Amino acid sequence: MIRINEMFKKLYKISLVVLLAIFLLYVFNEIHDLASKSYLSEHYISKGVQETGAINLVTSVLYDYRSFDTLGEATVILTASAILAFLVPLRKVAMHGTKFLIIVHQTMIFIVPYLAVLGSYLILFGHLNPGGGFVGGVVLALIPIVMTITYCIEFSEYKFKPNIKTLLEDLGSICFIILGLFGIVTGSNFLASGQSNLGLGNPGELISGGLILCLNIIIGIKVGAGMAKIFNSLIKGE
Amino acid sequence: MIDIILYILIIFLALTAFFMVFTKDMLSSIIALPIFGSILVVIFVILQAPSAALAEAVITAGLTTGFFVITINKTEMQND
Amino acid sequence: MEILYFIVIFLFCLGIYTIISQKNLIKIVIGFTIVESSLILLLILVGYKPGGTAPILDKVYQIVVDPISQALALTSIVIGGSVTAVMLMLVIKIQKRYGTLNIDKIRKLHG
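Residue numbers (our numbering), protein chains in the order written: chain A, 501 to 738; chain B, 101 to 180; chain C, 50 to 160.
Just so you know, the hints here were simulated from the structure itself, not pulled from any lab data. On a predicted model such as this, the values are computed, not experimentally measured, just so you know. A few of these clues could be false.
[To be verified] Among the chain B residues that face chain A by a calculated CB cut under 7 angstroms, a handful are:
no., residue
1, I146
2, P150
3, S151
4, A155
5, V158
6, I170
Every residue, glycine too, gets a C-beta built ideally from N, C-alpha and C.
Here chain A stands alone, though its shape is the one from the complex (with noise of 0.2 angstroms):
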């Protein structure tokens, strides 16, 4: 009795996901063509490189037409980085121990430069290249992660203190919105760079496009403390 108890329930579950399926199969067969009918994209696409001064237009979209979503995104890892933060008691947890052989450690000393490197590359030429700031900052944050798997928790604090990086992240969040009030004082909306007179510069070049470069560092700084600080609370959380 209970064994067909437990099937029926089984069964039930499955008919439940393959009539999502067929619903969805439905949907897609609407919206397959969209692409076809979107003239907000044309409009980006053909005046967006006049217009910001990027010529990456995913950068465009997310520091300057569409900057609100980028705040809010910020504000979303800041929340997080905040509730794991509460979460975590004070006193120290120990994870599992693991003696490494002398190769990862002379491994470290190779790898640490090149993700400095890379992170601040990807960074600063954001609005050139695929990458950005958020990228960055995730590379950026690789090295504490790195360096606290390799040796312990003890020595990665010790490099970058906790104080530290909270007080970067908290700069970053309210350079931002200092950032976007500069826009209303040029004449124009919160958080507009091309619109206001800045002078926009060559695009191509990579004192260019305004007020994105200074946004893309500022994100990259905010974004690699924030996931470094959430990667040492759920450390050290027990």
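Got chain A; can you put chains B and C on it based on the hints?
Using the frame of chain A, we list chains B and C on its own:
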């Protein structure tokens, strides 16, 4: 030529997702997650989205796997 | 490229089935990750045009894929990483409180 590569990638994507859900061992289920992410990165590059491919490679295939391994480490320690 | 819509439907339904049928809490978090990946793939697939180039305009191209959906996909990836971290921290807390990861046992213990 690109169609054949795409079909092979799709078959491996479905296979990896199936393995990730239905295997009994928790650690091999988690180690299948970066393979899933890497196949998704190649599909994104074929679909002409390099920015999203970079973010997927760094975050889903790199950072999230670390989070899962830490969780396994913490929850196995209590059972011993 | 129409076959990619079927893989989106397959991954979405597999993730939903994982969430409603598996007993282990870490498996449920993996189900959330699969659903999120399928939605990112859908966002990029909607903006794709056959024969287009990536939206980096160092010179003038004829067909360029949609940049808006790619920006939304990038936003979704970063948010998904931090939300997964919060969920895993809650899993660690539940394991410390109840001593198990099976959700049937947790339900019985509670009342």
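Hints, verified against the model:
At about 15 angstroms, the closest approach between the beta carbon of B/I146 and any beta carbon in chain A exceeds 7 angstroms, and the interface hint on this residue is violated. At its closest, the beta carbon of B/P150 sits 4 angstroms from a beta carbon of chain A; the interface hint therefore holds under the 7 angstroms criterion. For B/S151, the interface hint holds, the least distance from its beta-carbon to any beta-carbon of chain A being 5 angstroms, beneath 7 angstroms. About 5 angstroms separates the beta-carbon of B/A155 from the nearest beta-carbon of chain A, less than 7 angstroms, and the hint is met.
Nearest Cβ of chain A to the Cβ of B/V158: about 5 angstroms, under the 7 angstroms cut. The hint holds. Checking B/I170 against chain A: minimum C-beta separation of about 5 angstroms stays under 7 angstroms; hint holds.
Violated hints amount to a single one, hint 1; each of the other numbered hints is respected by the structure.
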